[in-house]
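Novice: Spelled out, the chains give:
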Amino acid sequence: MVNVQEGIPIARPKIGSSGFTGSWRITKPVIHYDACTKCRLCYFYCVENSIDLQQDLYPKIDYDFCKGCGVCADVCPTKAIEMVREVK
Amino acid sequence: MMLMRGNAACPGCPIPREIDALLEVTGQKTVLVVPASCTSVIMGDTNGMPSSVPVVHSAFAAAPAIASGIKAALNSKKEDATVVVWAGDGGTGDIGLASLSGAAERNEDIMYLCYDNEAYMNTGVQRSGLTPYGAWTTTTPEGKRERKKPIPQIVAEHGVPYVATASIAYIFDYQAKVKKAKEIQGFRYIHLLSPCPPGWRFDSSLTIRIAKLAVETGIWPLYEIEKGKFRLTSLSKTLIDKSKRKPVLEYLKLQGRFSKMTSEEVKKLQNEVDEFWEEIQKID
Ligand SMILES: Cc1ncc(C[n+]2csc(CCOP(=O)(O)OP(=O)(O)O)c2C)c(N)n1
Ligand code: SF4
Ligand code: SF4
Ligand code: SF4
Ligand SMILES: [Mg+2]
Numbered sequence: 001m002v003n004v005q006e007g008i009p010i011a012r013p014k015i016g017s018s019g020f021t022g023s024w025r026i027t028k029p030v031i032h033y034d035a036c037t038k039c040r041l042c043y044f045y046c047v048e049n050s051i052d053l054q055q056d057l058y059p060k061i062d063y064d065f066c067k068g069c070g071v072c073a074d075v076c077p078t079k080a081i082e083m084v085r086e087v088k
Numbered sequence: 001m002m003l004m005r006g007n008a009a010c011p012g013c014p015i016p017r018e019i020d021a022l023l024e025v026t027g028q029k030t031v032l033v034v035p036a037s038c039t040s041v042i043m044g045d046t047n048g049m050p051s052s053v054p055v056v057h058s059a060f061a062a063a064p065a066i067a068s069g070i071k072a073a074l075n076s077k078k079e080d081a082t083v084v085v086w087a088g089d090g091g092t093g094d095i096g097l098a099s100l101s102g103a104a105e106r107n108e109d110i111m112y113l114c115y116d117n118e119a120y121m122n123t124g125v126q127r128s129g130l131t132p133y134g135a136w137t138t139t140t141p142e143g144k145r146e147r148k149k150p151i152p153q154i155v156a157e158h159g160v161p162y163v164a165t166a167s168i169a170y171i172f173d174y175q176a177k178v179k180k181a182k183e184i185q186g187f188r189y190i191h192l193l194s195p196c197p198p199g200w201r202f203d204s205s206l207t208i209r210i211a212k213l214a215v216e217t218g219i220w221p222l223y224e225i226e227k228g229k230f231r232l233t234s235l236s237k238t239l240i241d242k243s244k245r246k247p248v249l250e251y252l253k254l255q256g257r258f259s260k261m262t263s264e265e266v267k268k269l270q271n272e273v274d275e276f277w278e279e280i281q282k283i284d
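Residue numbers (UniProt numbering), protein chains in the order written: chain A, 1 to 88; chain B, 1 to 284.
The set of hints was computed from the structure by calculation and includes no laboratory data.
Heads up, some of the hints might be wrong.
[Claimed, not checked] Under the rule of at most 25 Å between Cα atoms (straight-line distance), these lysine-lysine pairs were calculated in the DSS-like manner:
(1) B:179 - B:253
(2) B:253 - B:227
(3) A:60 - A:79
(4) B:227 - A:14
(5) B:212 - A:38
(6) B:242 - B:253
(7) A:79 - B:246
(8) A:28 - B:212
(9) B:244 - B:182
(10) B:242 - B:282
(11) B:149 - A:79
(12) B:246 - B:227
(13) B:29 - B:149
(14) A:28 - A:79
(15) B:242 - B:180
(16) B:253 - A:79
(17) B:246 - B:179
(18) B:182 - B:246
[To be verified] Label-pair ranges, simulated between beta-carbon atoms:
(19) A:5 - B:203: 22 to 30 Å
(20) B:150 - A:10: 47 to 55 Å
(21) B:141 - A:85: 27 to 35 Å
Quick reminder that beta carbons are idealized off the backbone N, C-alpha and C, glycines included.
Kindly produce the complete structure, drawing on both the sequences and the hints.
Specialist: In structure tokens, the structure reads:
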């Protein structure tokens, strides 16, 4: 990273530059781990980069930022991800 | 995670992952130059930006010229970094075409990524030169009558060292192309088809499925042109034989923007795709 003096009005890297985008969700992806084969497709294709791989290589969704688009559920070959209606 | 979660992109927008996959390859020593577009919004403001590398926001038509200048400045300071223009289809193929052409003709040592969502999305889905035939936009309410401007071919005609098409559905093919481009000196151009749920009128869960169908139907061939030599890549290598390609209709029918097309119009588009593949067969 290039060091820019503090106080100069430039944008700096930040997780959640638009806040906790998890609050945008209408439906929530829930992984049924018994059906998950650790293929990682959801991880590669989560368009929001909101899925992490845990140490055991199972995927884990970061619900603070997941926008509930449903892409992960659509690409999962074993249908291990269910989109559940979320009422807040 | 080089492009951070919690950004302003719409749910289902592929842009954050597309930039992340790019930066995974080009690395921390990358400078992004972004002209006015959806990405300008995604890149945030002084409250914070999702990019882990510097982003220079540019006026609509100026990105390739600015990137050329940044690369020259870095060279003079003996800083080795990859300078990448990340621009939409409007910024690339319409308003920025002159400065793109200038940078390509001068063979500037920059990489140019066009993410093509086939309209001016940031301002509310107006047609661009890269909107395909038959597609609804707010300025083509009955469907666009003209064909899609062939920008990768136009750039290739400048004789630049590297031109490629790519798709987020074929992420390793895309990253392999970025890797190749990173190692080449001179002007490198990659054109990504980038489905947009609100602009193309499809459910946000279908982004990857639609990106994949674009390749499977042959409407979006994956290829690279390296030092003038054309080569199909990934799945597209297997699609020369028409029977291997899915009907274009399978791609069209998932998207509301094509819902007004008549069967004659679909046939016309299918014929254009088939003719394009016949041309490919001759050069491949
Ligand atoms: C000179 C100029 N004209 C018009 C605009 C308004 N404008 C901002 S973004 C945009 C559309 C950009 O379309 P594209 O390059 O395809 O990117 P997208 O928004 O689709 O990602 C327009 C017309 C502008 N910023 N500057
Ligand atoms: S719903 Fe969308 S944002 Fe959330 S984890 Fe799945 S792909 Fe990522
Ligand atoms: S796509 Fe499905 S099977 Fe593959 S890792 Fe994700 S949840 Fe598991
Ligand atoms: S309008 Fe389309 S391209 Fe723009 S942020 Fe939304 S999904 Fe992405
Ligand atoms: Mg666009």
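Novice: Would you mind marking each hint as holding or not holding in the structure?
Specialist: Outcome of the hint check:
{"no.": "1", "hint": "B:179 - B:253", "in the structure": "violated (34 Å)"}
{"no.": "2", "hint": "B:253 - B:227", "in the structure": "violated (37 Å)"}
{"no.": "3", "hint": "A:60 - A:79", "in the structure": "holds (15 Å)"}
{"no.": "4", "hint": "B:227 - A:14", "in the structure": "violated (39 Å)"}
{"no.": "5", "hint": "B:212 - A:38", "in the structure": "holds (21 Å)"}
{"no.": "6", "hint": "B:242 - B:253", "in the structure": "holds (20 Å)"}
{"no.": "7", "hint": "A:79 - B:246", "in the structure": "holds (24 Å)"}
{"no.": "8", "hint": "A:28 - B:212", "in the structure": "holds (24 Å)"}
{"no.": "9", "hint": "B:244 - B:182", "in the structure": "violated (33 Å)"}
{"no.": "10", "hint": "B:242 - B:282", "in the structure": "holds (14 Å)"}
{"no.": "11", "hint": "B:149 - A:79", "in the structure": "violated (39 Å)"}
{"no.": "12", "hint": "B:246 - B:227", "in the structure": "violated (31 Å)"}
{"no.": "13", "hint": "B:29 - B:149", "in the structure": "violated (33 Å)"}
{"no.": "14", "hint": "A:28 - A:79", "in the structure": "holds (14 Å)"}
{"no.": "15", "hint": "B:242 - B:180", "in the structure": "violated (29 Å)"}
{"no.": "16", "hint": "B:253 - A:79", "in the structure": "holds (23 Å)"}
{"no.": "17", "hint": "B:246 - B:179", "in the structure": "violated (30 Å)"}
{"no.": "18", "hint": "B:182 - B:246", "in the structure": "violated (33 Å)"}
{"no.": "19", "hint": "A:5 - B:203: 22 to 30 Å", "in the structure": "violated (46 Å)"}
{"no.": "20", "hint": "B:150 - A:10: 47 to 55 Å", "in the structure": "violated (38 Å)"}
{"no.": "21", "hint": "B:141 - A:85: 27 to 35 Å", "in the structure": "holds (34 Å)"}
Violated hints, in rising order: 1, 2, 4, 9, 11, 12, 13, 15, 17, 18, 19, 20; the structure is consistent with all others.
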